[in-house]
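**Q** Listed here are the chains, written in short residue letters.
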Amino acid sequence: MIDTVVSVEMLVEEVLRIKRNRLAPDECTGNEKRLCIASGSHGDELGGQYICYQVIRRIKKEFENLIGIVDIYPTMNPLGLDAQSRDFPLMDIDMNTVFPGDEEGAILDHTAARLIKDMAGADICLDIHSSNNLIREIPQVRLNDDVIETIMPYAKLLNTELVWIHPSTSVRPGSLAYALNSIGVKTMVIEAGVALRIDYEYCEQIVEGIFSLMKQMGIWKGEVGEIRTPMIATDGEVQFVNAESSGLFVPNIKHSMRVKKGEKIGTIVDVITGSVEERIYAPCDGLVFTLREYPAIEEGALIARIFGGAMNE
Amino acid sequence: MNKEIIFNMNTAFRGEYAVVGYRFGHGDPSACIIGAMRGNEFQQLYMCSQLIAKLEQLEAKGAIVANKEIMIIPSLNYNSMNVGKKFWVSDNTDINRSFPGNPEGPATSRIAAAVLERVKGYRYGIQFASFYMGGEFIPHVRLTEEGVKNTSLANLFGMPYVLTASERTFDVSTLNYNWQKGGTSAFSVYTGATEWIDEERARQGVSSVLRFLTRMGIIRYNCHGGYISTVVEEDELLSIRSDMPGFFRQKASTNMEVTRGQLLAEIVDSFRGDVISRLVAPTDGIIFYQHIEPMVFQNSVVFKMIKKIHE
Ligand SMILES: [Zn+2]
Numbered sequence: 006m007i008d009t010v011v012s013v014e015m016l017v018e019e020v021l022r023i024k025r026n027r028l029a030p031d032e033c034t035g036n037e038k039r040l041c042i043a044s045g046s047h048g049d050e051l052g053g054q055y056i057c058y059q060v061i062r063r064i065k066k067e068f069e070n071l072i073g074i075v076d077i078y079p080t081m082n083p084l085g086l087d088a089q090s091r092d093f094p095l096m097d098i099d100m101n102t103v104f105p106g107d108e109e110g111a112i113l114d115h116t117a118a119r120l121i122k123d124m125a126g127a128d129i130c131l132d133i134h135s136s137n138n139l140i141r142e143i144p145q146v147r148l149n150d151d152v153i154e155t156i157m158p159y160a161k162l163l164n165t166e167l168v169w170i171h172p173s174t175s176v177r178p179g180s181l182a183y184a185l186n187s188i189g190v191k192t193m194v195i196e197a198g199v200a201l202r203i204d205y206e207y208c209e210q211i212v213e214g215i216f217s218l219m220k221q222m223g224i225w226k227g228e229v230g231e232i233r234t235p236m237i238a239t240d241g242e243v244q245f246v247n248a249e250s251s252g253l254f255v256p257n258i259k260h261s262m263r264v265k266k267g268e269k270i271g272t273i274v275d276v277i278t279g280s281v282e283e284r285i286y287a288p289c290d291g292l293v294f295t296l297r298e299y300p301a302i303e304e305g306a307l308i309a310r311i312f313g314g315a316m317n318e
Numbered sequence: 012m013n014k015e016i017i018f019n020m021n022t023a024f025r026g027e028y029a030v031v032g033y034r035f036g037h038g039d040p041s042a043c044i045i046g047a048m049r050g051n052e053f054q055q056l057y058m059c060s061q062l063i064a065k066l067e068q069l070e071a072k073g074a075i076v077a078n079k080e081i082m083i084i085p086s087l088n089y090n091s092m093n094v095g096k097k098f099w100v101s102d103n104t105d106i107n108r109s110f111p112g113n114p115e116g117p118a119t120s121r122i123a124a125a126v127l128e129r130v131k132g133y134r135y136g137i138q139f140a141s142f143y144m145g146g147e148f149i150p151h152v153r154l155t156e157e158g159v160k161n162t163s164l165a166n167l168f169g170m171p172y173v174l175t176a177s178e179r180t181f182d183v184s185t186l187n188y189n190w191q192k193g194g195t196s197a198f199s200v201y202t203g204a205t206e207w208i209d210e211e212r213a214r215q216g217v218s219s220v221l222r223f224l225t226r227m228g229i230i231r232y233n234c235h236g237g238y239i240s241t242v243v244e245e246d247e248l249l250s251i252r253s254d255m256p257g258f259f260r261q262k263a264s265t266n267m268e269v270t271r272g273q274l275l276a277e278i279v280d281s282f283r284g285d286v287i288s289r290l291v292a293p294t295d296g297i298i299f300y301q302h303i304e305p306m307v308f309q310n311s312v313v314f315k316m317i318k319k320i321h322e
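Chains as they are written, first to last, in the working numbering: chain A, 6 to 318; chain B, 12 to 322.
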């Protein structure tokens, strides 16, 4: 059943509506587990849109296997998605910094507060992101270190390559994940791919993970596929590689590759002199789980993140 | 006057980019003033330019006190201003949310780190800041929660108001917070305008800094005594919100004394043109902040009032 959970009048005539699709068995006992799947707070990220579509489609196809409640909010920032704007348009504000919001507040605060109110009481929430338009990410779960114990068992079910314990903005105060965790809704952030496009393989992989989570939660009794065991990364095991020159980045490796220490990651070239400004080498052995996607580079820009901890083969 | 490069980097398409500072006098690092940190802070940059011109004159007359040094950094991201963007050009990050910064991080983080490294150790730090809400307000000096102990010093700017603020979640990533934490007495000077020049208020802001520097024994300058500041706690300001969306027809303005029940604004339907809401003052007081956009959302703060105070 599709409901409008937030409705706010805009400046001229239009009404901003945020919708939720609730998928629940025909007969509910009142004891069902409830999973929320949220996406689209960053208007330039589209992977979550496709994941929501696939999850809804599969649940509808095998509806008899649904024994719990799945609430899906694909589009938390419809104006941003419409305008291809990462932020909430008009205010230049990242929606994922305003939670838990304020019900009595203006459009954005109000929207955030109503979303939290609607998700409150759920057992688990997934907030699905697709990086930004500059860097590509391997499918990963991001956790703040204050929630590891309660959430790690679920994070491992999501079929991602990696679980990274790191205080990213997506799990810090102001984020949906932080606000929900602080009211007892176990919330995980998934990052995969790159903004402005969809990596269909990554999305299918995460969809499979969502069904395995649903099965574990007692929401799904259908068959689920084999789930990979993620590597668990703490900050000490992740090396950041930043550019020390500006120019064009020409990669020598592909995203998700394993590299050896000293292996060439790429070069930064100057387009007017035709010279190589910098050769970038891997600082350690490991998995390149983040790689620069957008080729124009300035000094300091993140080129890669390499996980050098224990690997799965 | 000495020009100094505080941070520089190469860019892919625009040549070198440098953050520069202007130094006046020699000796003890006494006061540092930082201007525009965002690409829309035209008033803040203008004020810095006027301050630099004035200090240059004063230095020529020998009016910088011996063994006192003043540093002015007019802009941290004029490259954004040059392309009409508010935040950092390549990744849209806000330098004033990047402190204390990391010399090995992305560009904004490097700038924050380099600037903080250079400006720490000054006795007094002054930032020409813009408000986190668009709109206009009465000129004031703002102190963070950490800096509240400096209220009596803040009065020496002679601005009409000193606003003491409670901490917001993002404060830890601002210049002012980190400056204060490093032992500098940090003040933010707000003059009410950002994306346009308010000449009179810019002059007031520049004078307030010159007055402060004079009173702190850093320059010799004969200036008007300014105001005896009224201290207001930010949390005590009364917010008045719009109850409907539409055109915002303003009937009161900042610095105006209003009485309970007085009409402050009308909200006009965007298509039919009729008045759909009338906002009135809930109490006597002075308007401290006003919304200035042509239209307004429902439940937006359109005025902030200082309650029960008379001119
Ligand atoms: Zn995102």
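Just so you know, these hints were derived from the structure itself, not from any lab.
Just so it is clear, the structure is predicted and the values come from calculations on it, not from any experiment.
Glycine is no exception: its CB is placed at the ideal position from the N, C-alpha and C atoms.
Keep in mind that the hints are not guaranteed to be accurate.
[Stated by the list, open to error] Just a sample of chain B residues kept apart from chain A, beta carbon distances all over 12 Å, derived:
no., residue
1, E27
2, R121
3, N161
[As the list claims (entries may be wrong)] Subject to a maximum C-alpha distance of 25 Å in a straight line, what follows is the list of computed DMTMM-like cross-link-like pairs (lysine to aspartate or glutamate):
no., chain 1, residue 1, chain 2, residue 2
4, A, K265, B, D246
5, B, K97, A, D123
6, B, K262, A, E14
**Q** Can the restraint linking K97/B and D123/A be considered satisfied, given a maximum Cα separation of 25 Å?
**A** Distance of about 34 Å is beyond 25 Å: violated.
**Q** For the pair supplied as a hint, K262/B and E14/A, is the alpha-carbon distance within the 25 Å limit?
**A** holds, 24 Å
**Q** Just want to verify: E27/B was marked as not at the interface with chain A; is every Cβ pair farther apart than 12 Å?
**A** Answer for E27/B: violated, closest chain A Cβ roughly 10 Å.
**Q** Run the C-beta distances from R121/B to all of chain A and say if the shortest one exceeds 12 Å.
**A** violated, 5 Å
**Q** Would you mind confirming whether the straight-line C-alpha gap from K265/A to D246/B stays at or under 25 Å?
**A** It is violated: about 55 Å lies between the C-alpha atoms, which goes past 25 Å.
**Q** Just checking, N161/B versus chain A, shortest CB gap more than 12 Å?
**A** It holds; N161/B is separated from chain A by about 27 Å at its closest Cβ, greater than 12 Å.
In this structure, the hints that do not hold are numbers 1, 2, 4 and 5, in rising order.
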